[in-house]
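*Asks:* Here is what each chain is made of, one letter per residue.
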Amino acid sequence: MSPQFAAGARVQVKNNRPETVMRLHLRTPHYVRGRQGIVLRALGRFPNPEDLAFNRPAPEKMLYHVLFEQQPVWNEGEAGDTLLVELFEHWLEPVEG
Amino acid sequence: MAAREPSAAHVALLEKLIGALTSKGILTEAEIAAKKSATEKASPETGARMVARAWTNPEFRARLLADGTAAAEEFGISLAGNPPLGVLEDTPALHHLVVCTLCSCYPRVVLGFPPHWYKSTAYRARAVRDPRGVLAEWGTMIPAGTQIRVVDSTADYRWMVLPLQPEGTEGWGEDQLAALLGAEELVGVALPKVAKAQAA
Numbered sequence: 001m002s003p004q005f006a007a008g009a010r011v012q013v014k015n016n017r018p019e020t021v022m023r024l025h026l027r028t029p030h031y032v033r034g035r036q037g038i039v040l041r042a043l044g045r046f047p048n049p050e051d052l053a054f055n056r057p058a059p060e061k062m063l064y065h066v067l068f069e070q071q072p073v074w075n076e077g078e079a080g081d082t083l084l085v086e087l088f089e090h091w092l093e094p095v096e097g
Numbered sequence: 001m002a003a004r005e006p007s008a009a010h011v012a013l014l015e016k017l018i019g020a021l022t023s024k025g026i027l028t029e030a031e032i033a034a035k036k037s038a039t040e041k042a043s044p045e046t047g048a049r050m051v052a053r054a055w056t057n058p059e060f061r062a063r064l065l066a067d068g069t070a071a072a073e074e075f076g077i078s079l080a081g082n083p084p085l086g087v088l089e090d091t092p093a094l095h096h097l098v099v100c101t102l103c104s105c106y107p108r109v110v111l112g113f114p115p116h117w118y119k120s121t122a123y124r125a126r127a128v129r130d131p132r133g134v135l136a137e138w139g140t141m142i143p144a145g146t147q148i149r150v151v152d153s154t155a156d157y158r159w160m161v162l163p164l165q166p167e168g169t170e171g172w173g174e175d176q177l178a179a180l181l182g183a184e185e186l187v188g189v190a191l192p193k194v195a196k197a198q199a200a
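Heads up: the sequence lines are chains U and W, in that order. Counting in the numbering used here, the first sequence runs without a single skipped number right up to 97 at its last residue. Counting in the numbering used here, the second sequence runs without a single skipped number right up to 200 at its last residue.
Hints in this document: simulated from the structure, not taken from any laboratory. Keep in mind that this is a model prediction, so the values were computed, not measured. Treat the hints with care, as some may be off.
[Stated by the list, open to error] Covered by chain U, according to a simulated footprint, are these stretches of chain W (three or more residues, beta-carbon under 8 Å):
| no. | stretch |
| --- | --- |
| 1 | 66-79 |
| 2 | 125-131 |
| 3 | 144-151 |
[Unchecked claim] Straight-line Cα separation of at most 25 Å, SDA-like style, residue types lysine to any residue; simulated pairs:
| no. | chain 1 | residue 1 | chain 2 | residue 2 |
| --- | --- | --- | --- | --- |
| 4 | W | K35 | U | A53 |
| 5 | W | K24 | U | D51 |
| 6 | W | K41 | W | E31 |
| 7 | W | K35 | U | L52 |
| 8 | W | K119 | U | P29 |
| 9 | U | K14 | W | L102 |
| 10 | W | K16 | U | N55 |
| 11 | W | K41 | W | D175 |
| 12 | U | K14 | W | A125 |
Glycine included, each C-beta is placed from N, C-alpha and C at the ideal position.
Given these sequences and hints, build the entire structure.
*Replies:* Laid out in structure tokens, this is it:
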């Protein structure tokens with residue numbers, strides 16, 4: 001399956017807390033949940049670590065490098081500085097415009 | 001690696017685990033020994049040699065940036081069973097800093113065991129939030145016109161930085177350049193400095 005998001009796409013990280021519902025090995029840091037970023041590149045497909053770590057069937061999910069501006073995330077830092085985070089496709093939603 | 005002796009309970013547990021894996025045909029003792037030896041041999045010297053070659057060889061530099069895994073394999077490093085390696089190129093306008101806020105993901109195949117500071121909660125919490133402050137404590141001053149990109153190693157890749165070649169090292173050989181580089185330079189907390197090699 002090809003990536004849903006192309007390089008340059010604006011995305012929003014879901015502001016979910018699935019760890020409150022079931023045991024998951026989550027690789028989505030809290031500080032980017034609900035934040036908007038830009039897809040830099042697709043990194044390939046990997047077994048979903050949320051399930052893999054608990055020995056459940058772990059279908060492969062597309063992984064992306066997503067770039068966030070530093071200041072809106074932390075309310076501090078230097079303009080222009082950024083955070084680059086690996087995030088799985090099922091955590092990302094498209095942002096129009 | 002110097003480490004304290006494991007407890008008898010841990011050794012017994014490990015022996016049971018190895019027994020289960022080998023009896024089920026998942027792993028052989030030889031595979032475990034080979035993996036252990038490769039893990040203990042890995043050191044920042046590998047990453048340093050890769051960067052030094054990238055500085056002196058534009059074709060290798062392009063291959064390193066396009067596919068770090070394949071570039072490492074050119075150095076005889078097998079990445080089979082390991083996460084893929086990605087390499088991030090610093091420019092005069094962009095400085096990369098690698099951290100793993102969730103645990104301690106680190107490009108072990110080319111840098112060896114992660115240093116204690118890399119695994120510390122202080123580094124992991126502060127690098128994403130105040131990278132310039134953290135770097136200043138390392139004595140690394142990034143000019144205001146250079147953007148900092150903090151790379152949070154959250155998932156299935158491992159990341160190494162390709163720093164800028166320091167001024168005054170034009171025409172140097174690979175060995176001489178590699179001596180400028182250690183784990184700090186290859187994850188971006190320090191910049192390669194000429195004085196370090198001259199003093200060595």
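*Asks:* Hint by hint, where does the structure go against what was stated? Just the numbers, ascending.
*Replies:* 1
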